[in-house]
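Each chain, letter by letter, is given below.
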Amino acid sequence: MQSLTVALLRSYVSVVAARFRVLLQYRAAALAGVATQIFWGCIKLMVLGAFYAVAVTTPPMTFTAIVAYVWLGQVLFGLLPSNHDPELQGLFTSGGVAYELLRPLDLYWFWFARTLAFRTAPTLSRMVPGIIFATLVLPLIGLPEWALPAPASVAHGLMFLLSFVVTVMLSCAITILITISMFWMIEGRGISTFMYGVVPVFSGMIVPLPLFPDWMQPFLYWQPFRGLCDVPFRIYSGDIPLAMASQEIMLQVMWTVILVLFGYGLIARARVRLVVQGG
Amino acid sequence: MSQILVEGLSKTFRVAERKPGLLGAVGGLFQRKYRSVDALRDVSFTIYEGELVGYIGPNGAGKSTTIKILSGILVPSSGRCEVDGRIPWKQRRAHVASIGVVFGQRTQLWWDLPVIESFDLLRDIYRITDSVYQQRSDELIEMLDLSELLDTPVRQLSLGQRVRCDIAAALLHAPRILFLDEPTIGLDAVSQLNVRAFIKQISRDQNVTVLLTTHNLDDIEVLCDRILVLSDGQLLMDGSIADLRKQYGEGRYVAVELESFASTAPEHETLVVERSDSHILFSLESDVPEFVDEVLRQYPVKDLLITHPPIERIVAEMYQAERIEH
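Chains A and B are the protein sequences, given in the same order.
The numbers in the numbering used here rise by one with no breaks, and the one at position 143 of the first sequence is 143.
So the number in the numbering used here is just where the residue sits in the second sequence, counting from 1, plus 1000.
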């Protein structure tokens, strides 16, 4: 029984690895991604820096925490579930979804594996230059206050890593919902466009969530997208104290489980009414 | 032992309809109209282990739908269907592990990966042990002559090469049942012959049960002991090619080669199927000897051949007859 589970796990791991290798090939896209990340990182810091310089009350976050928040966000931008895997999109328009159902794998986890590769491979290839710029280049060119600081403490760093793993899972669980919606819509671009508007704002990617007005805070706290940026980034900078970190991570886990179960249920329903396009 | 059992199988699709033009498109946003399409109506058949069965019918007859139900992809609207004692769509994962499927029009290989990496990935997905995989893939690579192609990314393969790789991919896990949906579509003559020879070989040597859909009736004539004819979601015929001929094509074709040009006799005009300067092809329902006698007297005959009507004609007539009845 145990060896069966291992073999089963291996098949999902192979799916991730194969897709990962393909996605790492796109060098031009990676380069463009890196340039955009760095450019937007600088713009955001200039804008937020200007606000902080003229602030009349004490802002809810330190500027160091803001800098960490911005750079982590830029470097990990590819993890945001605001688009979906074009390969899976192609399966729906071409009817290739038939072959997906021919594999002796659970469809949800099969797609989860592919989504995991889709989310992490491009991010990984773009992350390194971004980190080098934010940690080494900025101090060298005389902007040390703009450089990505180290985690607040080793414990914060470890909690950040834990939270980050959940972030990846949460991101995949949301991305796969976009994919599953194509069972009903065939074309995923509509939902993707919608997500592209919603996700960066509510995750904190555009403006760190603590900077939003007080009356919005309860709502912002309880929505799932916060687990994508706000939670891990603020644990990193120490803006979320260690005592609160595990509770915040539990909230991330809760949302991930809910969304996985939701997606799982949707796939089961979609199977019954499936129409394979193109005969 | 019956391996595939289909009883009273029906599948109805609900298709969204839209009036043409801009108004229709806008209207569709508010109120959708749905139309029911019966892809399969009360289809029943049984296939036994080791059989090689051809499944033919015009476009849209429901052939692919049947294959997709049998392979667990689609859920039928009603009816019973068991493959090796399993209900395909209910026990999908166990089921698909023991069947192989090829859809000739699309590939199951990963577009951007070299062929061999696709195979390796399938090994992991089907959880084939290394020793079994090694032996099986070597065998398939040899039989389908793939050794030159293994390092090529799938997107760079020609159609014939791709189909051969696809067939190998469907057989890596040594399935006992193989469903082929138009495996020879779009292939050149040599590739068709290769694919056909391979299908025949694994059916004969490994006793794999094969159900294949095709529009290429040569496939059927060369390969299949038995054919199922489907039209408009209903099974028209289940039998051998000889049965088909008996039922629909008792007639004969008489092909005449002329020494020199001669015009067709007026009383024969209605029998002519094809005509060129030096050839005439007649189609007859009965009285063949008398007709041949007449031909020999009336035309400058150089050569004469009596044949069965080609199976294309028989099938085309059958489809047409069915359409008129409806």
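Possibly wrong hints are sitting among the right ones.
[Stated by the list, open to error] Stretch-level coverage of chain B by chain A, calculated; a stretch enters the list once three of its residues show a Cβ under 8 Å from a Cβ in chain A:
1) 1033-1040
2) 1066-1074
3) 1120-1130
4) 1261-1269
[Stated by the list, open to error] Anything over 12 Å on all C-beta distances counts as not near chain B; from chain A, calculated:
5) 12
6) 42
7) 58
8) 99
9) 105
10) 216
11) 244
12) 264
13) 274
Treat the hints as calculated values from the structure; they're not laboratory data.
Yeah, the Cβ is synthetic: ideal placement off N, Cα and C, and Gly gets one too.
Q) Looking back at the numbered hints, which does the structure fail to meet, lowest number first? A) 1, 4, 5, 8, 9, 13
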